[in-house]
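Enquirer: Spelled out from the first residue to the last, the chains are:
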Amino acid sequence: MSVGIVMLVHTALGRAEQVARHWAAAGCPVVIHVDAKVSDRRYKAFREALSDVALIRFSSRHVCTWGAWGIVAATQDACEMLLGDHAEVQHVFLSSGSCLPLRPVDELKTYLAARPRTDFIESATTADVPWTVGGLDEERFTLRFPFSWKTQRRAFDRYVEFQRKLGFRRRIPDGVVPHMGSQWWCLTRQTLQAILTDPQRAEYDRYFRKVWIPDESYFQTLARKHSTHVESRSLTLSKFDFQGKPHIFYDDHLQLLRRSDCFVARKIWPHANRLYRVFLTDAEGAMKRREPNPGKIDRIFSTASERRTRGRTGLYMQSRFPREGWEGGLTGARYSVFQGFTELFEDFEAWLSRTAGCRVHGQIFGPGDAEFSGGQQVINGALTAKAALRDHSPRTFLTNLIWNTRGERQCFQYSPRANQAVAWDMAKDGNAHVSVIAGAWAVPLFRTRRPFEEIRREAARLQRIEHEFLDALRSPWAKARAQIWSMAEVVEAPSEALQASIDEMGLRTARRLPELPEMRDLTGFGAFLQSLKNQGMHPYLMGDFPAEVDEPAQDEEPDDKPRRPYMVKK
Amino acid sequence: MGLMDAYKLGRERRFHLYRALRKRHQLKPVSNRARKIRRRDILAFTTLRNERVRLPYFLEYYRDLGVNHFLFVDNDSSDGSREYLAGQEDCSVWTTSASYRQSRYGMDWINWLLMRYGHEHWCLTVDPDEFFVYPFCDTRPMAALCDWLDACEIRSFSAMLLDMYPKGPLSAQPYVEGQDPLEIACWFDAGNYTISRNWKHGNLWIQGGPRMRVFFDDDPWKAPALNKIPLVRWSRRYAYNSSTHSLLPRGLNLVFDEWGGEKASGALLHTKFLDTFGAKAQEELLRGQHYGKSREYIAYHERLQADPDLWCKWSEKYINWRQLEILGLMSKGNWA
Numbered sequence: 001m002s003v004g005i006v007m008l009v010h011t012a013l014g015r016a017e018q019v020a021r022h023w024a025a026a027g028c029p030v031v032i033h034v035d036a037k038v039s040d041r042r043y044k045a046f047r048e049a050l051s052d053v054a055l056i057r058f059s060s061r062h063v064c065t066w067g068a069w070g071i072v073a074a075t076q077d078a079c080e081m082l083l084g085d086h087a088e089v090q091h092v093f094l095s096s097g098s099c100l101p102l103r104p105v106d107e108l109k110t111y112l113a114a115r116p117r118t119d120f121i122e123s124a125t126t127a128d129v130p131w132t133v134g135g136l137d138e139e140r141f142t143l144r145f146p147f148s149w150k151t152q153r154r155a156f157d158r159y160v161e162f163q164r165k166l167g168f169r170r171r172i173p174d175g176v177v178p179h180m181g182s183q184w185w186c187l188t189r190q191t192l193q194a195i196l197t198d199p200q201r202a203e204y205d206r207y208f209r210k211v212w213i214p215d216e217s218y219f220q221t222l223a224r225k226h227s228t229h230v231e232s233r234s235l236t237l238s239k240f241d242f243q244g245k246p247h248i249f250y251d252d253h254l255q256l257l258r259r260s261d262c263f264v265a266r267k268i269w270p271h272a273n274r275l276y277r278v279f280l281t282d283a284e285g286a287m288k289r290r291e292p293n294p295g296k297i298d299r300i301f302s303t304a305s306e307r308r309t310r311g312r313t314g315l316y317m318q319s320r321f322p323r324e325g326w327e328g329g330l331t332g333a334r335y336s337v338f339q340g341f342t343e344l345f346e347d348f349e350a351w352l353s354r355t356a357g358c359r360v361h362g363q364i365f366g367p368g369d370a371e372f373s374g375g376q377q378v379i380n381g382a383l384t385a386k387a388a389l390r391d392h393s394p395r396t397f398l399t400n401l402i403w404n405t406r407g408e409r410q411c412f413q414y415s416p417r418a419n420q421a422v423a424w425d426m427a428k429d430g431n432a433h434v435s436v437i438a439g440a441w442a443v444p445l446f447r448t449r450r451p452f453e454e455i456r457r458e459a460a461r462l463q464r465i466e467h468e469f470l471d472a473l474r475s476p477w478a479k480a481r482a483q484i485w486s487m488a489e490v491v492e493a494p495s496e497a498l499q500a501s502i503d504e505m506g507l508r509t510a511r512r513l514p515e516l517p518e519m520r521d522l523t524g525f526g527a528f529l530q531s532l533k534n535q536g537m538h539p540y541l542m543g544d545f546p547a548e549v550d551e552p553a554q555d556e557e558p559d560d561k562p563r564r565p566y567m568v569k570k
Numbered sequence: 001m002g003l004m005d006a007y008k009l010g011r012e013r014r015f016h017l018y019r020a021l022r023k024r025h026q027l028k029p030v031s032n033r034a035r036k037i038r039r040r041d042i043l044a045f046t047t048l049r050n051e052r053v054r055l056p057y058f059l060e061y062y063r064d065l066g067v068n069h070f071l072f073v074d075n076d077s078s079d080g081s082r083e084y085l086a087g088q089e090d091c092s093v094w095t096t097s098a099s100y101r102q103s104r105y106g107m108d109w110i111n112w113l114l115m116r117y118g119h120e121h122w123c124l125t126v127d128p129d130e131f132f133v134y135p136f137c138d139t140r141p142m143a144a145l146c147d148w149l150d151a152c153e154i155r156s157f158s159a160m161l162l163d164m165y166p167k168g169p170l171s172a173q174p175y176v177e178g179q180d181p182l183e184i185a186c187w188f189d190a191g192n193y194t195i196s197r198n199w200k201h202g203n204l205w206i207q208g209g210p211r212m213r214v215f216f217d218d219d220p221w222k223a224p225a226l227n228k229i230p231l232v233r234w235s236r237r238y239a240y241n242s243s244t245h246s247l248l249p250r251g252l253n254l255v256f257d258e259w260g261g262e263k264a265s266g267a268l269l270h271t272k273f274l275d276t277f278g279a280k281a282q283e284e285l286l287r288g289q290h291y292g293k294s295r296e297y298i299a300y301h302e303r304l305q306a307d308p309d310l311w312c313k314w315s316e317k318y319i320n321w322r323q324l325e326i327l328g329l330m331s332k333g334n335w336a
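So the protein lines, in turn, are chains A and B.
Residue numbers are given in the numbering used here: position 6 of the first sequence equals residue 6, and the series is strictly consecutive.
Residue numbers are given in the numbering used here: position 52 of the second sequence equals residue 52, and the series is strictly consecutive.
Any given hint might turn out to be false.
With a straight-line cut-off of 27 Å between C-alpha atoms, the simulated DSSO-like cross-links for lysine-lysine are [said to hold, decoys possible]:
(1) 267(A) - 37(A)
(2) 428(A) - 479(A)
(3) 109(A) - 239(A)
(4) 225(A) - 210(A)
(5) 386(A) - 167(B)
(6) 150(A) - 267(A)
(7) 317(B) - 386(A)
(8) 37(A) - 239(A)
(9) 386(A) - 313(B)
(10) 222(B) - 386(A)
(11) 222(B) - 167(B)
(12) 239(A) - 150(A)
Here are some, though not all, of the chain B residues that point toward chain A, as calculated from beta-carbon distances under 10 Å [unchecked claim]:
(13) 148
(14) 208
(15) 227
(16) 258
If you are wondering where the hints come from, they were derived from the structure by calculation, not from laboratory data.
Quick reminder that beta carbons are idealized off the backbone N, C-alpha and C, glycines included.
Isolated chain A (complex conformation) (with noise of 0.2 Å):
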């Protein structure tokens, strides 16, 4: 009982020859097909170096290219090779020229000798797994196709339209259902002799001659029809990234492949000259029955895959720059927006970081230079407060922000006075927390002494600019939660619209707030308003205030004693 190897070698001659070596070693008869691509000179210095050893022959060559037949073929050629030579061979491991065995070639025959009837051979149906490439699953079974996938893209794409449009099919020979799976497998004598012997194989080859990427179906397929134990899975450890190319091996991942416990790797690169050091001498140690487990380096393929499809939200760097829509989310993390809070409450940015226990920054978006938490003239990731640094790109200035700050919430407050350019982005940011109170910048232009003609001016443009926002944020594009109140409802209840603020962010979960901010002196703004209204600019966006000089019921009490924050019910 043993074990034969069938190498399918391209390149890195070199490193092929050592791992023939190392399997003939072991007692291994192998069988090496060299591609017809490669130069006469270099196979016969290649057959050459490896003359010494009687367990090695050559099959005849075939020009192997990727999605084509010849992989086939040549397989087909080595294992009657390899069978006919080696009669006490009772598995026939497939592996390429950049295969590295990890364990002891004595571990594999164990193994293989504990399960003599087992066929390992990755091998699904096509309509149940996703691993296609090129969008083609059952029709690489069902089309031709003449022209190459690598190097005569679009007519190979042309010609599979043409015979769509035309339905042509062609027709699956009797007794096989397509199956398809890993090129790398482990079949025993039977099967493969069943395979090769079949009556039908003249009628098979004809048919997976024009099958796209036979070498990935035909053993697969017919293992099925032969095979009296498919365990579906393939003994070499080799993953895919998201464009079908095989992963490849460094020496830096020498740990993750000894834990592993898998029989064979690929690809390697050739230059990884640990790796080849390492497993092809260290045969010491003591016998390890373990079952093969390729999980953790499963899970760090995967993630590269994923990150270079899906990358990291929130990021804009030098190889991520996605197209408007692109982004998976304009930022990385939630954030808060107050507009209308500090105008209208008395030191409402040291309350809300009390409050709710976060970065609470003042106005970043100007007028004048951002107002980082602390005064800081830079924070994270040194990113600067200046005015001119910030208005050269207001987008990248706040995705800045988020990234930099990531793993801690932040909280800034906007206005109408802000640069706008960026309303729009928060608008349409899900991670974006808006929270207005509608009106509440006419609070400031009531308590300067400007002419009036000035301020009458101003109050038009900032609820001009405010409604815009607004209409931003109630827009079907929006994606930001927004809360929006108009300052009179604050006025009436400020503590609805503070508590509701806070328990959109999620942070706490305190019932009732413990205190509230001090709100404003509104004396006489009712009057203001009405004034404005008199010289025609009538502002709609706070709500009604009577026009009266107005006492409210809250100005009653002594100013040092401070108002006790109340909740409203719902």
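Since chain A is already given, all that's left is putting chain B on it; use the hints.
Expert: Structure of chain B alone, referenced to chain A:
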């Protein structure tokens, strides 16, 4: 892209190649060992002027990464750079005293050498103060990267310029020949970069870092570009278009993913800011041979009078490529 645009870009590319061909007469070989170049060798291309003190470590660094042959254009050095390089077995040196500016800041010369010697090689075009890092550069040689790029059929590899600076005034820590400049200039800005897309040539335009933060904080549009594509599987039909920021044909500039994923990329650690910088800036200012009427050097000169400290509280100290990967300045892509 319409036919007209394609034609215009093609004309632009041929124009660069034509310039390169014409300017080749300005290059005088000092020591041409290019016949030593083997088929799969990785080549480095560099223009320099008076960089003698940096060269020993520069060569050591890239030899360690696995660069097989260096091709230098010496722009009239007077500090012995030329003689030093001529004595190195794996270096070929050409010299010229022609104008750096009129050679499109050296790119015509480099384009010529690339055309002549770079065809079908992986070519790394770097300055003597730029150090290339890429994913797994501590465990895998450059040949591994190039083989992987070949296997993925990728022909160009992006490495953003990352400005490194010391803590404290530039003059405080003098650089000694043979020393790793990153021992002094080991700080960088992690997250203040702005990016926009150049639709004509298809490349990104990245700005930011300490130079924008300190020297160009009142006029950010003039801040230098940091996007670079230094590693290319060259073909004699290619041409660098604007320094190593972009190439033609423009498909080579698509080193970023547009659909939300991340391609693999590296970084060029830029160790310009050493104690040698003051003298250099002074000299370059007088020569006036640099991009945009040397406005960069004018800006430096103004601030350098004060011997500024580029360091700030939020500067990041360089550890290794993994740190840059985590910070999002470069990416492994699907290389694992």
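Enquirer: Does each hint hold? Answer for all of them.
Expert: Outcome of the hint check:
1. 267(A) - 37(A): 20 Å, holds
2. 428(A) - 479(A): 5 Å, holds
3. 109(A) - 239(A): 24 Å, holds
4. 225(A) - 210(A): Holds, because 20 Å separates the two Cα atoms, which is no more than 27 Å.
5. 386(A) - 167(B): 22 Å, holds
6. 150(A) - 267(A): 20 Å, holds
7. 317(B) - 386(A): Measuring from Cα to Cα gives roughly 23 Å; hence the hint holds.
8. 37(A) - 239(A): 26 Å, holds
9. 386(A) - 313(B): Distance ~16 Å between residue 386(A) and residue 313(B) Cα, so the pair holds.
10. 222(B) - 386(A): 16 Å, holds
11. 222(B) - 167(B): 25 Å, holds
12. 239(A) - 150(A): Between residue 239(A) and residue 150(A) the Cα gap is close to 21 Å, so the pair holds against 27 Å.
13. 148: 6 Å, holds
14. 208: Holds - the Cβ of residue 208(B) comes within 10 Å of chain A, reaching about 9 Å at its closest.
15. 227: 6 Å, holds
16. 258: With a minimum Cβ separation of about 5 Å from chain A (threshold 10 Å), the hint on residue 258(B) holds.
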